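Residue numbers (this note's numbering), protein chains in the order written: chain U, 1 to 138; chain A, 139 to 623.
Mixed in with the good hints there might be a few duds.
[To be verified] In silico EDC-like pairs for lysine to aspartate or glutamate, Cα to Cα no more than 16 Å straight-line:
#, chain 1, residue 1, chain 2, residue 2
1, A, Lys271, U, Asp28
2, U, Lys64, A, Asp578
3, A, Lys482, A, Glu272
4, A, Lys271, U, Asp21
5, A, Lys271, U, Asp126
6, U, Lys19, A, Glu272
[What the hints assert, rightly or not] Covered stretches of chain A, as calculated for chain U (at least 3 residues, CB under 8 Å):
#, region
7, 259-270
8, 365-378
[What the hints assert, rightly or not] Using C-beta positions, here's what the derived DEER-type ranges look like:
#, chain 1, residue 1, chain 2, residue 2, range
9, U, Asp28, A, Thr262, 16 to 22 Å
10, U, Gly56, A, Gly523, 28 to 34 Å
11, U, Phe20, A, Pro473, 39 to 45 Å
12, A, Asp506, U, Ser136, 27 to 33 Å
13, A, Leu504, U, Ser136, 46 to 52 Å
14, U, Ser68, A, Arg245, 52 to 58 Å
15, U, Cys11, A, Phe448, 43 to 49 Å
16, A, Leu535, U, Ser68, 36 to 42 Å
17, U, Met122, A, Val501, 44 to 50 Å
18, U, Leu8, A, Met211, 47 to 53 Å
Simulated from the structure, these hints should not be mistaken for lab results.
None of the values given here were measured: they were computed from a predicted structure.
Built from N, CA and C at the ideal position, the CB exists for glycine as well.
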Amino acid sequence: MLLFFPLLSNCRLFINSLKFDLSQVGSDEVTLYQKRFDGIRNLLPVRGTVGYSGDGINQAEYWKSDASALRNWFLAQYTLAPVVVSITSNHKVSIINGGAGGGDLDSSEKVGSTFRDLGNGMKLFDFGNGLKVVVSEQ
Amino acid sequence: MMILNLVLAVLIPQLTAFILISAVWPREKPNRSHLLLKCCLAVGPAFGLLSCVYFLQLSLFGPSRKGLAAAQMALLICALALLFYRLKSTEDVPASEPVRTVLPRSRLQLILSVLFVVATVSATLVFVIVSLKEPHGQWDAWAVYNMKARFLFRAGDYWRDLFYEPTGWTSPDYPLMIPAAIAACWTLMGHETVVVPILVALLFTFATIGVVYLSVSHLRGKSQGLLAGLLLVCTPFFILHGANQYTDVPLGFFLLATIALLHLQDVLPERQHRSFQYRYLILAGAMMGLSTWTKNEGVLFLAAILASRFAVFVPRNGLKVYLKQVSNVAIGLIPVLLVVIYFKATLATPNRMLFPPQGPSFVAKLLDASRYWITLDAFITQGLGFGNWAVSLTALLLFYLLLLGLGIKQNERASIAASLITLGIMLAGYFAAFVLSPLDVAGHIASSLNRVLLQLWPSFIFVFFLIVRTPEQALMKGEAVSAQL
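All chains should be modelled from the sequences, with the hints used to inform the complete structure.
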């Protein structure tokens, strides 16, 4: 029995793993998620801290946020390291990570994005894939 | 070129660690199983040493690929010089080599060998497929360890920014062994690739299986070693979790390596204790130190080992012998511990589990009986269902023990008792950590208990197969084989 059940578990694990379609290599969730951020890298500093907000993030007590919101935030940090992606406020550059949506009104074309002047030296860049970046020039 | 760089980045530290272990290893006749055991044991110290050197280089001189490569070559040369010195020295050659009777390979052993090879190949394929499916690993891997590795590698002179995240979610108090080892390999290669964390996880996972198989084989015979190895390689959760790139498997490696090396030391006859100068203890000390550099739980393990061996060996051998042993452990332990202390003193923030910014007070948690019941219930439930097996593994092992009976050797009783006490202290420590958790207890248990049990699983298998009779002993029902072993 000590041989049978371990080997059975081993076989079961092996058979389950064979269900994976090898054509999906490189299309895993994290790799695809990271590609969303390709467009915003040029707007971010090489190092330092940028702000972050997203649907479901509890900024006062982040540990009470939705699991999916935390996942999105941590994936943003994983993708953008060594830039520190913080949910604290008052940063010159802030990322808004929401659901996928269209561009904004009255916008001028940038490479892969639209932008809008919010006044007071603030500009909003919308990448159309749920990612927006607010840049403050003050 | 990339493959060559990868091989060099991983192989040179492995070679250095293997040579260092060989230089410290007690001298015996050339033995293939010892050679393989040293190869498996070298995996942890290789990445440990690499990460320590990389971290110190970053801290003291800043990042430099050439500097790190030169340091690796210097270490390799030093290791070779040490080995050469050991080979020339005759101080610790025993008067007569220990006599080990080589039993003819039985049919059972042959069957077990075939099954072990098949299961290992199958587990390796599973590991590779899971890694292809999720090359960045699972949550903690990309959110904490691989993220930190990226930070260390990409940030250049500003790598300390990693510790400035205001909310502290990146767990800046976690030791840097795995992130620094990955970042060091990337630095040596000159670029970043997900292959490195996958390779680190693969080596730790299968080296742990190797240490279980080879050390039990050495102490109890090949059949018993194969059974122990089979049990670990056929634990689905162990393989999957290894492929998920969490640090529980590397920590489990260091816990197992420490306990196995202590057993190897304890079973040496007294004469060899003197002539070998407790050499296994030096290696065990290094493994203990590296466990504290891998995860904070390593500190608990260090305290558990010292306390359990004090409780068992001081009444038996006296305080003087215990202190002599501890001084040898310290030779391997202290250099790594100094790195950990330096990290904790200069960069790490206070541990959020010990000094939580939120949640009920310490006393309120301590006096809350419901927390104990929730935790106890989870320990029993998850303990019985541990490992993602087809049946309850705990029940199966208990049945196996009852069927075959105890087979503890006289000269190993103290060592086994100390190991069991160590594992007991670890379990008690984890229990207390859940009870006093600043997080929601049930949620914390759901996300962590199976992982911390996995840290102890290889060590538990090792000790279990030293306690239970071997298949040969059970089949022959005689004393002849036990005397030969």
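Where does the structure disagree with the numbered hints, that is, which hint numbers, in rising order?
Numbers 3, 5 and 12, in rising order.
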